[in-house]
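Engineer: Chain residues, written in single-letter form:
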Amino acid sequence: MATVYGIGSSGAAPALEAKAVSVSYGDATAVRDVSLTVPANRVVALIGPSGCGKSTLLRCFNRMNDLVPNARVAGRVDFHGRDLYDHGVDPVEVRRRIGMVFQKPNPFPKSIFDNVAFGPRVNGFHGDLDGVVEASLRQSALWDEVSDRLGDSAYALSGGQQQRLCIARTLAVKPEVVLMDEPASSLDPIATQRIEELIYQLKERYTIVIVTHNMQQAARISDYTAFLYMGELVEYGPTETIFTNPREERTEAYVTGRFG
Amino acid sequence: MRSNEGVDRRAGSYHGRRRAMGLAFAWLCGLSTCVGIVALAVLLVDVTLDGAPRLSVDFLSSFASRFPDRAGVKAALAGSVWVVTLTAVIAFPLSVAAAIYLEEYAPKHWTTRAIQTNIANLAGVPSIVYGILGLALFVRALGLDRSVLSGALTLSLLIMPVIIMSAQEAIRAVPSTIRDAAYGLGATRWQVVRHQVIPMALPGILTGTILALSRALGETAPLIMVGAVGFVAFTPGGLSDQFTVLPLQIYSWVSRPQPEFQEIAAAGIIVLLSLLLTMNAAAIVLRNRYQARS
Amino acid sequence: MRRGAASRRHFHEELDTLQARLMEMAGIVERLIGQAAEAVLKRDWSMAERLVADDDRVDELEIEIDERVMELLALQQPMAVDLRQIVATNKASNDLERMGDHAVNIAKAAGRLSQAAAIPEVRELAEMVSIATGMVSQSLAAFVSRDPEAARIVCETDDRVDDLRGSMYRILVTHMLEDPRRLSAALELLLVSQNLERIADLATNIAEDVVFLVEGRNIKHGAEGPA
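Quick mapping for you: the protein sequence lines, in order, are chains A, B and C. Position 46 of the first sequence, counted from 1, bears residue number 46 in the working numbering, the numbering being contiguous throughout. Position 13 of the second sequence, counted from 1, bears residue number 13 in the working numbering, the numbering being contiguous throughout. Position 162 of the third sequence, counted from 1, bears residue number 162 in the working numbering, the numbering being contiguous throughout.
Chain A on its own, in the form it takes in the complex (with noise of 0.2 Å):
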């Protein structure tokens, strides 16, 4: 049984609602009945040993697991109050509302204005694309390195500043929700912290779930923390709770490093 403590009384409107979400690859079960709730504009980390299946879970949020061949997703998850698994719901225009960015930076092989510009013209979107383009730079603290090279393909930049390029190219389109793969593992201390003061100012317009198997990332961002163990919710508090005195015996041993 999972010990959710604290987060009604944050005073923020739920932005997601997780209930009893289960996910299974053919016979193995990857997430176990997990229920949790994540508050608007906060930062929730998603935290746990390798295999828990936090990547899992967080790709329910965006109906990424649609596109696993074998994936089979029960339960619900309300966005909005309706959930995103019902009969009617297009997953595309899901994603739009939610958006991703992932472990590896991965920017398409064409120039920094054309990456950032690519979800917009596939969600039909005719109005200032220049405006659109900038404003998402600079909200991934990338535009004043590359406003003067916006042709340069995203290829010539570095890990750090690709990671920011799929960054504003997910803000591009406007989303409520932002998904976080670990989006810092691949980079080094420098680019990391960059990285972690973005998610800090970011989390004023969007609503941020952030998987980290750095558990110092997640104690020094984000507002709430899940411990997940073998696919299910171990305990679920505000961070401040969770690492200086949690209510779990598993959580504590994970947290002080006795195991994971």
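Careful: at least some of the hints might be erroneous.
To be verified - Label pairs and their calculated CB-CB ranges:
1) B:ASN121 to A:SER153: 39 to 45 Å
2) A:ASN70 to B:THR188: 20 to 26 Å
3) A:HIS87 to B:GLU169: 34 to 40 Å
4) B:THR188 to A:SER35: 30 to 36 Å
5) A:SER153 to B:ASP145: 51 to 57 Å
6) B:SER56 to A:ALA156: 50 to 56 Å
7) A:SER153 to B:ILE115: 32 to 38 Å
8) B:TRP190 to A:MET230: 34 to 40 Å
9) B:ILE284 to A:LEU67: 33 to 39 Å
As the list claims (entries may be wrong) - Under 7 Å between C-beta atoms, here's a sample of chain C residues computed to sit facing chain A:
10) HIS10
11) GLU71
12) LEU75
Because the hints were derived from the structure by calculation, they are not lab data. Cβ coordinates follow ideal geometry from the N, Cα and C atoms, glycine included.
Position chains B and C against the provided structure of chain A, taking the given hints into account.
Structural biologist: Positioned in the frame of chain A, the structure of chains B and C alone reads:
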């Protein structure tokens, strides 16, 4: 200590043996390569010596003739260009579409795997079988008779499995992270394919297509079956015209007794090889550009 | 590297807030000690009640600083000078809170003194008050300006305070033996001198924390040896 000495000695001779074996293996591989190169060199030298004197603008612009001095490849060259171009136009879109379907849209079911296996098998079927198929289907059943169109359709069937397989390889080589990113931005499957997968896979697809077409350029047997004739004194003007192709023309010249015709044949071979080399060079250039971009 | 640059802005803001709380505490405690000293020298009873309310605020701040320190250590992985600052702040806040309590004790003693009959005049008391309050403000100033030299001077001054307390003890015992009516007053003065000596010790602790913060060296209990 005794045991150490033993180790050193054994190690010494062991190292020596290892090195010797490595060297021997390298030499063996080198020699095998030489065999192929030497054979090709011999062919090229022989053909060039025989045929170079016969190469001229006249040669390229004259039709075949009973007289060696007036014989030329014009009809055959035109026929080859017509047939190969038409084959490209027919085979390329169909093959690429099939590859896209198999890689992006087909469900991961045993039926899809069965189709894949069949296509691989088709790529290995002898070309004469395609000739027979073409004769029965295009020339007789569809009533297209002995025409450029029949020839092109037959060759298309021949090279489509090859193009499909190399196109699939190219599409598979597009990293799944690119697709994930595109889906994550709210793109539909078609948008992902059209805007990300095809542009990235295109150089690989084109390389495979050009190589398949250069094979088609050299096909003789199936075209004989669908009616390419050996003696043609005109260039094709339309899809339903009769035609001949370079390999066939070369073959008919080689069959003549007169030694002059052997030289003419050699000249024809040079023309054919030049065409092939050009197409292969194009394929290499494309591949290099593709490597540089990623 | 520029402090306050784009990286870890959130963390540096938290550090600044922690510093601000400590400074607020220091300000209140300095004022408390000054008022208590005045109360003793001028024999003013009414001071004590006012001091207690201020001391409550000091206690609140100590709890708040404890919580902030805990959160910073657990969540932010501070290193080097940041880590030393947080640890030094934690210790200093504990010392300040006790200083506040001692100031309240002094004010209460002053209040009881004002009711007493015959109060002996002790010159040393004024000197003790002056030195102790001086040590407090100098150690706090050294903390703010991160000045280890000024801090070391405070540590050296502590011996003088200890001597004065010893003298006061002997003088007051003499007074008590000479005239039993002066007993209660003399005992209160003794209490005052003990509280003043404790305040001076706590100021020394804060000065040692300053050296730890700036140089990373622990000079407590004579660890440093003669200069």
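Engineer: Against each hint, give a clear statement of whether it holds in the structure.
Structural biologist: Against the structure, the hints come out as follows:
no., hint, in the structure
1, B:ASN121 to A:SER153: 39 to 45 Å, "holds, 41 Å"
2, A:ASN70 to B:THR188: 20 to 26 Å, "holds, 22 Å"
3, A:HIS87 to B:GLU169: 34 to 40 Å, "holds, 38 Å"
4, B:THR188 to A:SER35: 30 to 36 Å, "holds, 31 Å"
5, A:SER153 to B:ASP145: 51 to 57 Å, "holds, 52 Å"
6, B:SER56 to A:ALA156: 50 to 56 Å, "holds, 51 Å"
7, A:SER153 to B:ILE115: 32 to 38 Å, "holds, 37 Å"
8, B:TRP190 to A:MET230: 34 to 40 Å, "holds, 39 Å"
9, B:ILE284 to A:LEU67: 33 to 39 Å, "holds, 36 Å"
10, HIS10, "holds, 5 Å"
11, GLU71, "holds, 6 Å"
12, LEU75, "holds, 4 Å"
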